[in-house]
Amino acid sequence: QKEVEQDPGPLSVPEGAIVSLNCTYSNSAFQYFMWYRQYSRKGPELLMYTYSSGNKEDGRFTAQVDKSSKYISLFIRDSQPSDSATYLCAMSGNTGANSKLTFGKGITLSVRP
Amino acid sequence: NAGVTQTPKFQVLKTGQSMTLQCAQDMNHNSMYWYRQDPGMGLRLIYYSASEGTTDKGEVPNGYNVSRLNKREFSLRLESAAPSQTSVYFCASSEGLGTYFGAGTRLSVL
Numbered sequence: 003q004k005e006v007e008q009d010p011g012p013l014s015v016p017e018g019a020i021v022s023l024n025c026t027y028s029n030s031a032f033q034y035f036m037w038y039r040q041y042s043r044k045g046p047e048l049l050m051y052t053y054s055s056g057n058k059e060d061g062r063f064t065a066q067v068d069k070s071s072k073y074i075s076l077f078i079r080d081s082q083p084s085d086s087a088t089y090l091c092a093m094s095g096n097t098g099a100n101s102k103l104t105f106g107k108g109i110t111l112s113v114r115p
Numbered sequence: 007n008a009g010v011t012q013t014p015k016f017q018v019l020k021t022g023q024s025m026t027l028q029c030a031q032d033m034n035h036n037s038m039y040w041y042r043q044d045p046g047m048g049l050r051l052i053y054y055s056a057s058e059g060t061t062d063k064g065e066v067p068n069g070y071n072v073s074r075l076n077k078r079e080f081s082l083r084l085e086s087a088a089p090s091q092t093s094v095y096f097c098a099s100s101e102g103l104g105t106y107f108g109a110g111t112r113l114s115v116l
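Line order of the protein sequences matches chains A and B.
Going letter by letter, the first sequence gives residues 3 to 115 in the working numbering.
Going letter by letter, the second sequence gives residues 7 to 116 in the working numbering.
Partial list, computed: chain B residues near chain A (C-beta under 7 Å):
#1 Leu49
#2 Tyr54
#3 Thr105
#4 Gly108
Derived from the structure by calculation, the hints contain no laboratory data.
For glycine and all other residues, C-beta sits at the position ideal for the given N, C-alpha and C.
Okay, chain A solo, but in the shape it has when bound (with noise of 0.2 Å):
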């Protein structure tokens, strides 16, 4: 089993849609929860990040963690064609010099207008 699994997708949606993307982890040490954004051919960026359960809210962004389920989603309200990228979930364990991430393998998401 991975230490982290992500829904592979792809996923279509049409604008204004509120999509839901999950993944779920088994290491227990993880503590930090990122997700990123990966637009064709760029690097990824940081969407947002958490360490604690509960809910992180961040303009349309939603970003949920459950660690007693080892479950975490990230949630986009009203969804738009800029919106269409790829989303990879990452898990560390800690902070500091050796912060090394664990990655999802990632899903595309397409808005459509």
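Position chain B against the provided structure of chain A, taking the given hints into account.
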């Protein structure tokens, strides 16, 4: 503010050739990383450097070497390229929770 800069952006090699991928960051981060990204495999860590003067293996280090030249620069070397090393390579740097990536190097080994 350039962030993380990688060179070259594209490269085609023949099997057995060597090359060095360059990476520099201007954010004064201590930690730097090299990842490769392959279809269906996600991002996998090749090597990392927690601080200047230290390097450690990641998940897929075979066939690669690295040098942390100074705090800003972290290079990745392929001594004898193989077709299995065809991939997109990303350099990243971090401080705390923020890990920032370069734009990538697309490498094809024929």
